[in-house]
Amino acid sequence: AQTVTQSQPEMSVQEAETVTLSCTYDTSESDYYLFWYKQPPSRQMILVIRQEAYKQQNATENRFSVNFQKAAKSFSLKISDSQLGDAAMYFCAYRSRTQGAQKLVFGQGTRLTINP
Amino acid sequence: GAVVSQHPSWVICKSGTSVKIECRSLDFQATTMFWYRQFPKQSLMLMATSNEGSKATYEQGVEKDKFLINHASLTLSTLTVTSAHPEDSSFYICSARTSGNIYNEQFFGPGTRLTVL
Numbered sequence: 001a002q003t004v005t006q007s008q009p010e011m012s013v014q015e016a017e018t019v020t021l022s023c024t025y026d027t028s029e030s031d032y033y034l035f036w037y038k039q040p041p042s043r044q045m046i047l048v049i050r051q052e053a054y055k056q057q058n059a060t061e062n063r064f065s066v067n068f069q070k071a072a073k074s075f076s077l078k079i080s081d082s083q084l085g086d087a088a089m090y091f092c093a094y095r096s097r098t099q100g101a102q103k104l105v106f107g108q109g110t111r112l113t114i115n116p
Numbered sequence: 001g002a003v004v005s006q007h008p009s010w011v012i013c014k015s016g017t018s019v020k021i022e023c024r025s026l027d028f029q030a031t032t033m034f035w036y037r038q039f040p041k042q043s044l045m046l047m048a049t050s051n052e053g054s055k056a057t058y059e060q061g062v063e064k065d066k067f068l069i070n071h072a073s074l075t076l077s078t079l080t081v082t083s084a085h086p087e088d089s090s091f092y093i094c095s096a097r098t099s100g101n102i103y104n105e106q107f108f109g110p111g112t113r114l115t116v117l
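These protein sequence lines map, in sequence, to chains A and L. Per our numbering: the first sequence = residues 1 to 116. Per our numbering: the second sequence = residues 1 to 117.
Please keep in mind that the hints were generated in silico from the structure rather than gathered at the bench. Since the structure is predicted, the reported quantities are computational estimates derived from the model, not experimental observations. Among the hints, erroneous ones may be present.
Unchecked claim - No more than 30 Å apart at the CA atoms, straight line, and that leaves these computed lysine-lysine pairs for DSS-like:
no., chain 1, residue 1, chain 2, residue 2
1, A, K55, A, K103
2, L, K41, A, K70
3, L, K41, A, K103
4, A, K103, A, K78
5, L, K14, L, K41
6, A, K103, L, K66
7, L, K20, L, K66
8, L, K20, L, K41
9, A, K70, A, K103
10, A, K78, L, K41
11, L, K14, L, K55
12, L, K20, A, K103
13, L, K41, A, K73
14, L, K64, L, K41
15, L, K14, L, K66
16, L, K55, A, K103
17, L, K64, A, K103
18, A, K70, A, K55
One chain only, chain A, in its complex shape (with noise of 0.2 Å):
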């Protein structure tokens, strides 16, 4: 079965300043994806990036961006000019392409806090 973890429980960051939240994951699987959420006060979830195991280019969506390592099993999500609005729950997340109902495996989650 695969697994998602994450190692930071919680990460703070200065506004304006950059961050980088950690990802890493299991699998004997080539082909999948591989997902940022974010769940802000609200609890809506919500979709930040996406990357496709079988693309080397690291996804990029504005100020957000990835680092995806497939040998080590990482994907790190950096977040530039960090903005107030940017503070939620930050969840990675792994689907399968190809097995079953391809369910989204979740990490623990990282609290990132924007600092003033």
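Please arrange chain L on chain A, whose structure you already have, making use of the hints.
Same frame as chain A, now just chain L:
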């Protein structure tokens, strides 16, 4: 993006009663729906997966008779917590997926907070 709604957003009930939570995909057909449970400051725990017109597949440790899931149409799934007890108090989140896009994207509802007195 696609929108998933949940109703109610919060509910308080007495111990022993049953509570139904609705999950609707508003602008797409959801071939698969997922139900999650989230305790405070914890991650999402998948409870069950349902496909339209089929019986739900429950995760290990989730009581089928306690958490009844019905996916009667391509836009509606319901979760009924039967004979609720205080330990069932939690935040319940549904998610819907369509096979109509390249990524089989999964869209989340805003969640329902259940408090059992």
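Here's how the hints hold up against the structure:
no., hint, result
1, K55(A) x K103(A), "holds (21 Å)"
2, K41(L) x K70(A), "holds (29 Å)"
3, K41(L) x K103(A), "holds (21 Å)"
4, K103(A) x K78(A), "holds (25 Å)"
5, K14(L) x K41(L), "holds (25 Å)"
6, K103(A) x K66(L), "holds (22 Å)"
7, K20(L) x K66(L), "holds (12 Å)"
8, K20(L) x K41(L), "holds (24 Å)"
9, K70(A) x K103(A), "holds (20 Å)"
10, K78(A) x K41(L), "holds (22 Å)"
11, K14(L) x K55(L), "holds (28 Å)"
12, K20(L) x K103(A), "holds (24 Å)"
13, K41(L) x K73(A), "holds (25 Å)"
14, K64(L) x K41(L), "holds (25 Å)"
15, K14(L) x K66(L), "holds (16 Å)"
16, K55(L) x K103(A), "holds (17 Å)"
17, K64(L) x K103(A), "holds (19 Å)"
18, K70(A) x K55(A), "holds (10 Å)"
The earlier numbered hints are all upheld by this structure, with none contradicted.
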